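Read off the chains here:
There are 2 protein chains.
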Amino acid sequence: MEEPYSLYSLLLDRTARSVKQFAQRQFKELGFNVTVDQWLVLRQLYEHNGLNQRELAERVFKDTPTLTRIIDLLCSKGLTERVLHPEDRRSFIVQLTPDGVKKVEQLKPQIRAIRLKAWNGLGEEDFREFKRILSTINENLSSI
Amino acid sequence: MEEPYSLYSLLLDRTARSVKQFAQRQFKELGFNVTVDQWLVLRQLYEHNGLNQRELAERVFKDTPTLTRIIDLLCSKGLTERVLHPEDRRSFIVQLTPDGVKKVEQLKPQIRAIRLKAWNGLGEEDFREFKRILSTINENLSSI
DNA sequence: TATTAATAATTAGTATAACAAGCAGTTTGA
DNA sequence: TCAAACTGCTTGTTATACTAATTATTAATA
Numbered sequence: 043m044e045e046p047y048s049l050y051s052l053l054l055d056r057t058a059r060s061v062k063q064f065a066q067r068q069f070k071e072l073g074f075n076v077t078v079d080q081w082l083v084l085r086q087l088y089e090h091n092g093l094n095q096r097e098l099a100e101r102v103f104k105d106t107p108t109l110t111r112i113i114d115l116l117c118s119k120g121l122t123e124r125v126l127h128p129e130d131r132r133s134f135i136v137q138l139t140p141d142g143v144k145k146v147e148q149l150k151p152q153i154r155a156i157r158l159k160a161w162n163g164l165g166e167e168d169f170r171e172f173k174r175i176l177s178t179i180n181e182n183l184s185s186i
Numbered sequence: 043m044e045e046p047y048s049l050y051s052l053l054l055d056r057t058a059r060s061v062k063q064f065a066q067r068q069f070k071e072l073g074f075n076v077t078v079d080q081w082l083v084l085r086q087l088y089e090h091n092g093l094n095q096r097e098l099a100e101r102v103f104k105d106t107p108t109l110t111r112i113i114d115l116l117c118s119k120g121l122t123e124r125v126l127h128p129e130d131r132r133s134f135i136v137q138l139t140p141d142g143v144k145k146v147e148q149l150k151p152q153i154r155a156i157r158l159k160a161w162n163g164l165g166e167e168d169f170r171e172f173k174r175i176l177s178t179i180n181e182n183l184s185s186i
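Chains as they are written, first to last, in my numbering: chain A, 43 to 186; chain B, 43 to 186.
Just so you know, the hints here were simulated from the structure itself, not pulled from any lab data. Heads up, some of the hints might be wrong.
Because identical chains share one entry, a pair is satisfied inside a single copy or across any pair of copies.
Below, computed lysine to aspartate or glutamate pairings styled on EDC-like, alpha-carbon distance capped at 16 Å [stated by the list, open to error]:
hint, residue 1, residue 2
1, K144, E123
2, K150, E89
3, K159, E181
4, K159, D130
5, K144, E71
Note that the structure is predicted; figures quoted are calculated from it, not measured.
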């Protein structure tokens, strides 16, 4: 057989991009004025208060330079703010502004609906398989 | 339950990036001097001659601006070249240079080995499920 | 305690990624 | 046959991704 693993990698990459691209297009059409990655950060901040940038980066699986820029953009949109960490002057606590909170609460149900489209026709059992297989791949690669 | 579809999207995105990132690190360590995306293009050119950029873009699932830039880089590395299309002066045929062919033949077996690591512990049945589920997602989103 | 090591965040450089706009060349159709 | 529509490619802009290097601060240790 010819390069099946490369084909799987390509399929994985392509699917992840399709999902993100689809969501991004919906975000744009509906005038959300945030990107998909910015949304991930907003949602995380809504659910967990008092995180510094490194912790936040871990939770959304981004590296710290990438997160720095996302936070810059969110701050310039007035949705988040950096607060000095009370005990470590190297750190910032990132938190939602009142506008940021409002944004999350507005968008949450709409985004749930958008996400649903990707998973149409898949059932409980498929989700279990999906999680199991992708988690296996992640574990294979994280043991470095 | 809370936001399962968003979690699946995040897992998908994260896994795709892990796979790519792992491969990219190996490429670097082994001194391949090409990126993963550049490799995809090289392999496609090795297997299919006489493609123009649009056809090539379709095969590697990238859009034409992205492909233009990848080809620019590959040409500047001396691995590919643009040849005027004999029948359509808007088009270029992209092809491997002799150095490009050598590169593909050198890298192919090593990359097969790298790809294998991600799929460790998964069997035939898992691959079928993987393909089925990801293909379903792709179809859900491509019907726009 | 004086260094050294480690950590949090930023900055810089290169490579994708998506989309929009533009140009040149080709095809269509009245 | 000529103007409109279309196609192939490029360029510009913004955002994300990864690496490496830098700065400021804190922790560790000889």
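Comparing the hints with the structure gives:
1. In this homomeric assembly, K144 and E123 come within 16 Å of each other (Cα to Cα) only inside a single copy, at 14 Å, whereas the closest approach across copies is 53 Å.
2. In this homomeric assembly, K150 and E89 come within 16 Å of each other (Cα to Cα) only inside a single copy, at 12 Å, whereas the closest approach across copies is 45 Å.
3. For a Cα distance limit of 16 Å, the shortest separation of K159 from E181 across copies, 10 Å, qualifies, whereas the shortest one inside one copy, 28 Å, does not.
4. In the homo-oligomer, the alpha carbons of K159 and D130 never lie at most 16 Å apart, since the shortest distance is 43 Å inside one protomer and 40 Å across protomers.
5. In this assembly of identical chains, the alpha carbons of K144 and E71 never lie at most 16 Å apart, being 19 Å within a copy and 46 Å across copies at closest.
Checked against the numbered hints given earlier, the structure breaks hints 4, 5 and satisfies all the rest.
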